[in-house]
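Go by the hints and put chain Z onto chain U.
Protein sequence lines correspond, in order, to chains U and Z.
When we follow the numbering used here, the leftmost residue of the first sequence carries the number 1, and every step to the right adds one.
When we follow the numbering used here, the leftmost residue of the second sequence carries the number 1, and every step to the right adds one.
Hints may contain errors.
For lysine to any residue, the following SDA-like pairs were computed, each having C-alpha atoms within a straight-line distance of at most 20 Å [stated by the list, open to error]: (1) Z:K155 with U:G79; (2) Z:K155 with U:S81; (3) Z:K155 with U:V80; (4) Z:K155 with U:A35; (5) Z:K68 with U:S22; (6) Z:K155 with U:S26; (7) Z:K155 with U:N179; (8) U:K100 with U:L163; (9) Z:K155 with U:S32; (10) Z:K155 with U:G111; (11) U:K100 with U:P123; (12) Z:K68 with U:T21; (13) U:K150 with U:E85; (14) Z:K68 with Z:V166; (15) Z:K68 with Z:I99; (16) U:K150 with Z:T37; (17) U:K150 with U:S119; (18) Z:K155 with U:A77; (19) Z:K155 with U:S33; (20) U:K150 with U:S42; (21) Z:K155 with U:D178; (22) Z:K155 with U:S78; (23) Z:K155 with U:S28; (24) Z:K155 with U:T112; (25) Z:K155 with U:T30; (26) Z:K155 with U:R36.
Stretch by stretch, here's where chain U covers chain Z in the computed footprint (C-beta under 8 Å, at least three residues) [said to hold, decoys possible]: (27) 25-36; (28) 142-150; (29) 153-165.
Computed spacing ranges between beta-carbons, pair by pair [unchecked claim]: (30) Z:A34 with U:T128: 27 to 37 Å; (31) U:S64 with Z:N84: 34 to 44 Å; (32) U:V145 with Z:T48: 32 to 42 Å; (33) Z:V86 with U:S42: 33 to 43 Å; (34) Z:I117 with U:T128: 51 to 61 Å; (35) U:A35 with Z:S118: 37 to 47 Å; (36) Z:A94 with U:N179: 51 to 61 Å; (37) U:T62 with Z:V86: 49 to 59 Å; (38) Z:D80 with U:N168: 51 to 61 Å.
It is worth saying that the hints were derived from the structure and are not from the lab.
Every residue gets a Cβ at the ideal spot worked out from N, C-alpha and C, and that includes glycine.
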Amino acid sequence: MRKIVLTLLLTLIYLKGKAQTSGNASVSLTFSSVARISIASSGSSTLTLGSPATAGLALTTTVSDETKWLNFTSAVASGVSRRIEASISAGTVPSGLQLKLGLNAAVGGGGTLGTIVASVASPITLGTAATVLNNITGAYTGVGVGNGFKLTYTVNVSNYGLLRSGTNVVQITYTLIDN
Amino acid sequence: MIKTGLLGVLLTISLLAEGQAISVSGNWLPSITAISTTGSDYSPSTLTSAANQTLITASGLGSLLVAKNYRISVSKTNTDWHNNLVLTARRTGAGTPSILSAVSASGGTTAQTITNISTAFFTINVSFLSLGGISLSNIPIEYSLSGISVILPVKTYSTTITYTIVEL
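Looking at chain U on its own, in the form it has when it is part of the complex:
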């Protein structure tokens, strides 16, 4: 009888020794929407249609500037994409000229930087808001000159007869918009 009791006790001890329990803790992190856009470097670009070197020759009909870079950071929910539009928000392009914009391939950054709509090979004529880059999702270009999309501005003479001398200031606004 004593042996039976002892065996039962030892069995109970053994079973208790193999018990297994657990406890929990949670980790939770919230990502918020981010939409930031800027042009590097600051300041204006100057495009000058200079005088011909020899009297009787035509003006240089195309001048361009590639000193500005488009930087942005975008964070979106699944299924959401964004685009960047460019427009002339102040000033007017002088008669007889066209101001065009093309984006070069992205440099640096990460994520889905989008699809170029206005390329250097196929630039858009700036005026009312037009999409220059589309289908951006979660992405960042990197910061400053040398990162993101180099902007190529070009001035073309579209009508020689309408040209007048002078200086015109044009402001271009870039907007990052949800599709």
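Frame of chain U; chain Z shown alone:
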């Protein structure tokens, strides 16, 4: 007769001591530093919790005149998670023993990635001199979360970390 009685008393003491148990307290709700420079990603891309973000207490440890070892394992169960997010844990302290020198923790002091599969984290060692029923309280755990980027879809990511104690 006396020997039998003594044995009975000792066995009863052992049985009265509860089996090993674990309690866990302290969730982690990290917040991301807002982006201040356009074109940049989140910085830092890795967040680290307080050194004692979670406290683990193991109790009901030991047995009369028998050295015991217990394994603490860790795993996570995702409510909503992203594979780019890597969560690690490490033990940053020894905890407080109910009887000095009778119980101690070993291992787990280097960051260990928490996966969905239960993996050994650290070990609790109980001296044979204990009578059983002892505890190691407030073992501090620190977390680290890497892979934070704007590339990840905007939402709340959450997971539940499970610590399990098993006698070896």
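Any hints from earlier that this structure breaks? Give me their numbers in increasing order, please.
Hints that this structure does not satisfy do not exist here, as all of them hold.
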